[in-house]
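A.B. asks: Each chain, letter by letter, is given below.
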Amino acid sequence: MSSERLLLVTESDALQSRWGLQSKDQFDRLAALDEVAWQAVYDEYFIKLRNFAYARTGDLSEAEDIASETMAGAVRGIRNYKDRGAPFGAWLFRIARNTTVAYLRRKRRSGETPLADYDREAPLDSSAGIEDRDELMRGMKHLTEEQQTVISLRFFADCSVEEVSRAMGKSAGAVKVMQQRALASLRRHLAAMERTV
Amino acid sequence: MKYHDLLQECLERLRRGEPVDSIVAGRPQKAQLRQDLMLAASSKRAADSLPASTGARARLVFELRAERQRRESQRGVSGWLRAPALALAAVAVAAVLVFVALSAGYGPGGTAEASTLEGVVVENTDGVLTLQTDDGLQQVDVGRVSIVSAQGGASVDLASVEPGQFLVVRGDRARSGVFEARRIELRELAQLLSWCERNADPCKRVEAALAARVCAQEPETCQNIRTRLAELRRKLGAIDRLRDLKNRCDAGEQTACRETQSLCRANVEACKNMRDWLRSKRLQ
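From first to last, the protein sequence lines stand for chains A and B. Read in order, the letters of the first sequence are residues 0 to 196 in numbering that gives the first Met the number 0. Read in order, the letters of the second sequence are residues 0 to 283 in numbering that gives the first Met the number 0.
Simulated pairs of lysine to any residue, SDA-like, Cα-Cα distance not exceeding 25 angstroms:
| no. | chain 1 | residue 1 | chain 2 | residue 2 |
| --- | --- | --- | --- | --- |
| 1 | B | 1 | A | 145 |
| 2 | B | 43 | A | 171 |
| 3 | B | 29 | A | 176 |
| 4 | B | 43 | A | 59 |
| 5 | A | 140 | B | 49 |
| 6 | B | 43 | A | 46 |
Residues from chain A that keep clear of chain B, each with C-beta distances beyond 10 angstroms, as calculated:
| no. | residue |
| --- | --- |
| 7 | 23 |
| 8 | 25 |
| 9 | 27 |
| 10 | 61 |
| 11 | 140 |
| 12 | 141 |
| 13 | 143 |
| 14 | 145 |
| 15 | 146 |
| 16 | 167 |
| 17 | 169 |
| 18 | 192 |
| 19 | 194 |
Hints were generated in silico from the structure; no laboratory data involved. Glycine included, every Cβ here is placed at the ideal spot set by N, Cα and C.
Can you build the whole structure from these sequences, using the hints too?
C.D. replies: Here is the structure:
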């Protein structure tokens with residue numbers, strides 16, 4: 000689980016971040032398992048977490064489960080969050096990413112998500128107007144794990160570059176480069192899929 | 000400006016609701032930029048078109064209650080330390096423990112002793128696992144772990160670990176005596192059998208511990224455990240029989256050798272540790 004360790008940042012970073020908790024009082028209430036405070040977290044993040052997981056799995060009911068497990072993991076681990084001082088939203092998406100990776104690993108082992116072998120050198124001139132969600136999901140499966148995470152966080156969970164950089168433990172510059180490559184790669188794969196139809 | 004910076008600037012404008020055509024107008028690499036923005040917009044539309052969540056508030060409330068109970072049970076263990084008279088005694092005990100720890104070579108700054116526990120799950124509730132180990136019943140704080148590694152690199156949710164399953168827990172023994180798990184591995188039945196071979200008495204105590212803790216409260220769960228234990232007993236019976244046959248085979252009794260061979264074909268797991276011996280007797 001070493002690669003799945005939480006992002007280490009200082010508490011002041013967390014408080015300054017747009018994604019950090021708004022106040023110490025808010026954090027204290029979460030740490031004390033205040034139901035109202037947690038419901039507010041649920042309202043703010045559950046759909047984003049679900050959409051993130053959906054982009055990675057392509058399965059809505061699994062995505063709901065992953066989002067639910069992420070919230071449960073946050074409740075169980077909130078004391079650790081206090082110790083590490085990571086921004087709260089980044090921490091949640093970190094849990095979501097780990098939970099999703101574990102889920103996908105299990106699925107791969109059981110042979111449920113075989114990946115087709117599309118041409119990686121496909122031209123760049125297609126897919127500009129893709130409307131089919133299922134097709135998009137199939138294209139996503141051909142990206143690397145990091146590329147999928149960037150696309151999922153940026154466009155499905157509607158996170159900013161700064162938020163993605165916090166969640167992935169990368170610099171904002173690295174996220175921008177990954178984002179560019181992920182979109183280019185996704186376009187290539189969608190174009191290749193279109194050619195094979 | 001590098002392309003990834005340009006793309007990011009345009010994506011931010013797209014996020015604010017500007018149309019793609021107006022964003023890319025007059026930009027270098029206009030065609031590539033347009034494609035990237037269209038794809039980003041499609042991804043966003045795909046997310047927006049997902050149905051409303053069925054919700055998981057009930058699970059959240061359940062987890063909050065479970066976590067509260069877990070904390071309460073942990074406080075129960077350490078609560079006596081708050082009594083002033085006992086606190087003084089605790090300080091004295093702690094001083095002795097620190098002295099012992101330092102004498103044993105644990106330098107300053109070390110707060111716990113890394114170690115490994117092997118045992119059969121007797122109870123899994125509220126973030127605490129109770130294991131029957133070779134050193135009696137041990138409680139393990141699993142607050143830092145949510146995923147259990149299973150055989151072959153797979154993983155399972157901690158909540159799905161059931162009484163009767165065999166685990167190896169790596170973690171730290173805090174000076175308070177509490178064992179805090181860092182990593183939990185679920186092991187196969189063959190390894191439980193091997194543990195039972197090495198620890199016959201604790202193995203026999205598993206059933207009694209399970210009966211006392213689980214069966215009295217949860218008859219349905221108990222039925223699963225009894226089934227698992229019946230299987231364990233059957234395998235242990237096979238091991239006893241194998242041991243007897245092996246001794247007789249070593250003593251030159253050919254019928255015992257043949258019977259060992261036949262029993263091992265039917266109980267591959269039970270004979271895993273006997274491969275070398277079987278080869279040496281040309282029984283494999």
